[in-house]
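Residue-level listing of the chains:
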Amino acid sequence: MKKLTINQVARANIRVNRKAYVSLFAGILLAVFLVTATGLCAWGTVRGHDEQMAQRVGWMDMFMLGSERPTDDQLRSCGFFQRIGHVTVDAGVKDTSIYSGYYDEEAEKLINRTLTEGRFPEKNGEVAAEMSALIQLGQEKAKIGDTLTLNMKPIYGNEEEKTFTLVGILNEQSEYLNRVVFSEEEGMRLPSMVVFPGEHYDIGTLMVHRVLTYAPLITFNQVMRNCPLRYELRDCSFGVSRETGEAVFDDSGWRRARDFVSRIALWVVLGAALMLSACIGIATAMESLLSRKTEDIGMLRAIGSTRRQIRRIYGAEAWMLTATALPAGLILGILTAWVISRLAPDQVAFDLNIWLLIPILGVSGLCVFAASRLPLYHASAQTPMGVLRDTGMLRRAGKIRNHTEFKPDRLIAGRRVRLHPLRQAGTAGMIALTLLSTLLLGEVVLGIKNQDGERPAFSMYSFGNAYSEDSFSQCESEEEDVRSELRRLADYGGISRVQSATSIRGNLLMEELPEYFRPLTLKDKDAEGNTLIQNFSPLGAFGTSSEWLFYSEGELADARSRIYENWDAAEMVKRADQMNLIRDQLGITDKVVPVNVMVADPDAELLKENVTDGTIDLEKLDSGEQVLVYAPELCVRKQENGGYNIETWLLPGEIREKEWDIVIRNDYFKKGMNLSLLEMTGNRVDDIPMDTIEIGEEWKNWYQSMTPVRNEVKVGAVLSGGMHINGTYMSGVTVIVTEKGARAMGLKLPNPDTTQVFCTSDPTPEEEELVKNRIQSIAARGGMSYENELEIIRARRAKKLREILILTGMILLFFAVSVFMQVTGVARQIRSDTRMIGTLRAVGADLRTLVGCYRLPVWICAGVAMIPCLLFYAVSGIPALRLFTASHPLIMIPILAVLAVCVALACTAGIRGRLTGVARQPIVENIREL
Amino acid sequence: MEMIRCEDLRKTYGSGSSEVHAVDGISLSFEQGTFTAITGKSGSGKSTLLHLLSGLDRPTSGKVMYQDNNLFQYNDNQLSVLRRRRFGFVFQAYNLVRELTGQENILLPVMLDNRKPDEQYLKRLTEMLGVEDRLNHLPGALSGGQQQRICIARALANKPSILFADEPTGNLDGKTGREVLTLMRTISNELGITMILVTHDLGVAEQADRIIRLEDGKIAEDSGEGAHPITSDGGDYTGRKSSDGTRRGSVG
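Which chain is which? The protein sequence lines are A and B, in order. Mapping of the first sequence onto this note's numbering: position 715 corresponds to residue 715, and the numbering continues sequentially without gaps. Mapping of the second sequence onto this note's numbering: position 175 corresponds to residue 175, and the numbering continues sequentially without gaps.
Any given hint could be a false lead.
Stated by the list, open to error - Derived SDA-like pairs: lysine to any residue, alpha-carbon spacing no greater than 20 angstroms straight-line:
# : chain 1 : residue 1 : chain 2 : residue 2
1 : B       : K116      : A       : T404
2 : A       : K109      : A       : G204
3 : A       : K407      : B       : D209
4 : B       : K123      : A       : N402
5 : A       : K671      : A       : E515
6 : A       : K143      : A       : K109
7 : A       : K407      : B       : G62
8 : B       : K116      : A       : F406
Hints are computed from structural coordinates only; laboratory data are not their basis.
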């Protein structure tokens with residue numbers, strides 16, 4: 001006789017009773033599918049980010065601008081670098097930050113210089129450019145083959161008009177790489193236009209930049225701390241952040257790890273939750289399957305099967321079903337990941353790496369193994385008679401209260417929930433996921449509304465138009481005054497308001513200096529033992545130190561004796577001398593304290609929380625009678641790696657003294673106090689004296705050429721904490737005046753630093769075009785740049801829409817799986833309960849009663865699923881966690897409750913359908929089945 | 001007074017050559033308060049007949065008239081109400097709801113009917129059946145005899161008009177079986193319940209007022225006391241005791 005193997009027994013079991021294995025198969029299929037989909041999506045998130053970063057900054061780790069030292073040989077031999085590429089800049093477009101140049105082969109690879117359209121230049125007179133450069137040149141409509149006539153300025157050469165043929169559009173990179181490069185020196189940027197090497201200019205030179213990759217395990221911080229060439233590298237090199245795709249000054253590993261974790265955390269949490277749910281599904285399906293086989297198991301135990309053999313027989317069934325479910329689960333998972341990557345291409349890349357299959361198969365197997373263990377141990381641990389008499393259930397029942405009056409359906413259902421509390425756990429988990437996805441969807445949808453509501457439609461920026469090397473004065477802008485035109489913008493269709501902010505340099509004239517202004521000088525050593533000296537002052541405007549204000553005669557004389565050896569001393573003396581010149585000119589003995597003056601119309605409602613003293617009275621501000629004063633509290637904390645960190649965003653009531661090493665509180669500015677405010681404005685930039693160490697006649701003439709504007713004003717309100725006005729954030733002590741107030745006070749205003757144009761609702765394309773053209777024209781004349789925020793909003797909306805689609809898909813999937821799991825679970829239960837159903841029908845139960853026997857667990861599941869959602873809602877609402885940007889509205893709770901009810905109703909409908917089928921059979925059929 | 005009757009009742013399973021006539025044109029009438037035993041060999045159709053009479057199964061053709069209404073013209077809800085108020089059913093395999101205690105199982109038809117239980121009656125019933133101390137136990141904790149007694153108590157809890165019993169003593173030993181039957185008989189007599197019982201136990205059948213023996217789905221013999229079977233030609237056929245004056249039993 002042939003020997004019967006366990007696999008053959010398992011195969012035969014499945015073959016003869018396929019219907020009974022449907023739920024288990026579905027559970028395993030779901031597990032494989034979820035593991036595959038979440039695994040690929042998590043991997044795709046990392047890959048997607050990498051690709052996105054490669055588009056922005058290529059594959060380089062660092063770049064060096066201009067400097068010829070250290071040489072390539074030195075860089076190669078120091079052991080910190082691996083690959084070096086060269087970028088040559090030959091010229092810039094006049095009055096722009098756009099440069100042209102070319103790359104060697106290595107640089108082209110490292111910087112990932114690719115084309116989105118066309119080809120690279122192959123001869124002189126051809127150019128390929130980034131679209132952002134074309135837009136800046138006003139050539140956004142230029143097509144391949146068009147000619148561009150540009151006023152080029154070769155490096156250190158003379159202007160030349162050149163005509164190029166546009167042959168290609170480059171991928172966008174310089175926007176990111178040039179973001180932190182502050183140098184205005186010629187050619188100190190990476191080119192956003194590529195020309196053919198050797199493009200001829202009459203006079204000019206070439207600037208060569210280098211792009212580098214680190215040797216393995218090296219980071220920017222390590223280079224800057226340990227590389228023997230670090231001193232030469234310090235002034236010319238920039239790290240490249242693979243997290244943000246921008247040039248930065250550091251690239252610490254922990255931040256990279258944190259960003260990596262945060263990127264895939266959602267998938268990990270989601271995947272874990274889904275897999276847990278699938279495991280519970282497998283476990284309950286297995287438990288239910290094995291509970292139907294109790295008599296078989298009892299028989300096998302009675303004829304001498306060991307527990308291990310029982311586990312192996314039924315375990316083999318699970319593994320066979322896994323093998324069957326694997327291809328389908330993998331294909332479904334891959335398809336889902338592909339769909340998600342299509343819906344959110346900028347967040348998830350589709351990368352079917354064959355090596356990923358190993359962890360996917362491993363985790364799938366682990367799910368099945370872990371989920372089937374408990375039911376298998378349960379089933380095999382019973383004694384033969386225990387199985388046949390179901391003593392397990394009797395044990396669980398313990399002492400139960402006998403009812404003399406009851407609703408039979410509720411009693412039976414309740415008793416079942418009590419006797420088998422975990423039977424519905426899988427469904428409860430799935431309903432919880434449905435509700436959680438809905439919560440996320442709600443937050444995303446409401447997030448769009450909130451963010452859109454706050455964002456301006458257009459922004460305009462202007463920097464340095466009130467140019468001055470002087471801390472006490474400024475000079476009038478050379479650009480045309482566009483303020484009146486900006487005001488008229490509000491009359492355009494679709495525009496609700498235009499708000500702007502302008503920083504100007506003012507001075508407070510004071511008899512006595514308050515202690516609040518006294519700078520704090522702290523010394524410490526960094527990790528390498530170098531001495532660090534840091535100055536903190538609430539007057540931190542323009543980053544200048546106010547130490548000199550508090551100098552005694554002796555200290556000033558001491559500083560004066562060191563002006564040729566100590567730069568700081570020279571600066572302090574220079575300021576003191578400048579102040580004395582101003583005092584002489586004004587004929588006063590007051591101290592002249594440079595202070596930032598912000599001209600902007602504040603939103604009183606928005607700043608309500610920042611007011612620490614007084615009230616914001618816009619009428620008095622507009623009349624020039626009052627001003628507001630931002631006076632921050634400085635909180636200083638020593639850092640672990642040496643040095644001190646300073647925060648100004650805490651309100652006085654929020655500061656816990658013991659959490660900070662030093663706290664400087666505003667004890668000077670109070671509502672109602674008088675301020676003497678001085679503005680000094682020169683006429684021409686060219687008149688600004690040279691930045692000399694000694695303050696001589698030139699400076700005296702400079703101050704004398706000005707008409708000082710002096711105002712005596714009252715402080716209407718004092719503000720503190722983290723705040724911004726019309727998009728400009730506050731840092732040091734700032735006097736805030738409204739635009740009308742500034743005019744009433746006779747202050748001379750340059751063009752605004754920032755202007756924000758808000759729309760009432762989405763403007764029509766015609767309105768948008770009209771406003772855009774107008775703003776473009778104003779920006780061009782005012783020397784300002786502008787951004788069409790509507791495009792950003794549209795891009796964000798498109799991104800949100802994709803998120804909504806993904807979340808909606810997830811909700812529908814979870815909803816369907818919840819209902820499927822519940823209905824198939826109950827259908828399985830109904831099949832094994834046929835005899836009970838027949839009995840209940842025989843003693844007079846109608847369909848409603850039968851449905852009632854299965855309805856209660858469904859509602860309990862829906863109720864239980866609400867608990868984690870409500871907890872998540874409560875936890876995510878804690879302001880300190882800041883999990884969501886949305887308003888976190890209370891309406892989400894009834895929405896979740898309604899959804900839970902919908903799931904329960906759908907399940908009940910499915911159950912009713914199943915029971916109707918059973919009730920159509922004659923009762924005797926129900927009873928006879930078993 | 002006639003309680004229930006069937007007319008030309010047929011139940012056929014399968015078709016063609018595999019067609020089986022489990023009940024083949026049976027017409028019977030049962031008087032109120034009588035105790036009828038239906039006997040016959042295995043496969044003779046006795047259980048099927050009982051299921052058809054009690055409305056647990058639907059016939060291929062024919063009628064079951066209860067109080068001049070055809071059971072099979074009732075809708076599902078009407079039949080449910082009828083079963084919970086007028087019929088009691090004792091199953092061979094007890095069929096207790098395993099999540100409910102003995103008492104809850106007994107109260108099931110009363111509770112399904114949304115009525116207050118007659119506590120005195122139920123107390124007496126459980127005392128008579130000897131299960132008053134097993135009422136708090138789940139069926140799994142009861143012996144076969146105890147489960148069967150609970151099943152009988154459940155069938156009688158609503159004071160039904162007709163008690164159908166399918167081999168109620170089949171799973172019990174002889175002594176317990178006799179005790180159970182005596183109890184059923186006593187209670188039925190007291191309440192005037194019509195009892196129709198299927199058995200192949202001669203001793204059990206002997207206790208009935210009337211014995212009907214089935215063979216191949218047809219009536220082979222009917223002791224006929226209190227019964228008025230209708231012949232196929234429409235005339236009355238009243239089963240009588242056999243000529244020697246004894247009731248004929250049959251062994252299934």
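task: Assess, step by step, whether the Cα of K109(A) is no farther than 20 angstroms from the Cα of G204(A), and give holds or violated.
output: 27 angstroms, violated
query: Is the straight-line distance between the alpha-carbon of K671(A) and that of E515(A) 20 angstroms or less?
result: 18 angstroms, holds
- request: Take the C-alpha atoms of K116(B) and T404(A), compute the straight-line distance between them, and say whether it is at most 20 angstroms.
  value: 9 angstroms, holds
Proposed proximity, N402(A) with K123(B) (alpha carbon, max 20 angstroms): 15 angstroms, holds
- prompt: Given the hinted pair K116(B) and F406(A), is their alpha-carbon gap at most 20 angstroms?
  reply: Between K116(B) and F406(A) the Cα gap is close to 10 angstroms, so the pair holds against 20 angstroms.
- prompt: Is the straight-line distance between the alpha-carbon of K407(A) and that of D209(B) 20 angstroms or less?
  reply: 38 angstroms, violated
- prompt: Do the alpha carbons of K407(A) and G62(B) lie within 20 angstroms of each other, as the hint requires?
  reply: Roughly 36 angstroms separates the two Cα atoms, so the pair is violated.
message: Tell me if the straight-line CA distance from K143(A) to K109(A) falls inside 20 angstroms.
response: 26 angstroms, violated
In this structure, the earlier hints numbered 2, 3, 6 and 7 are contradicted, and the remaining ones agree with it.
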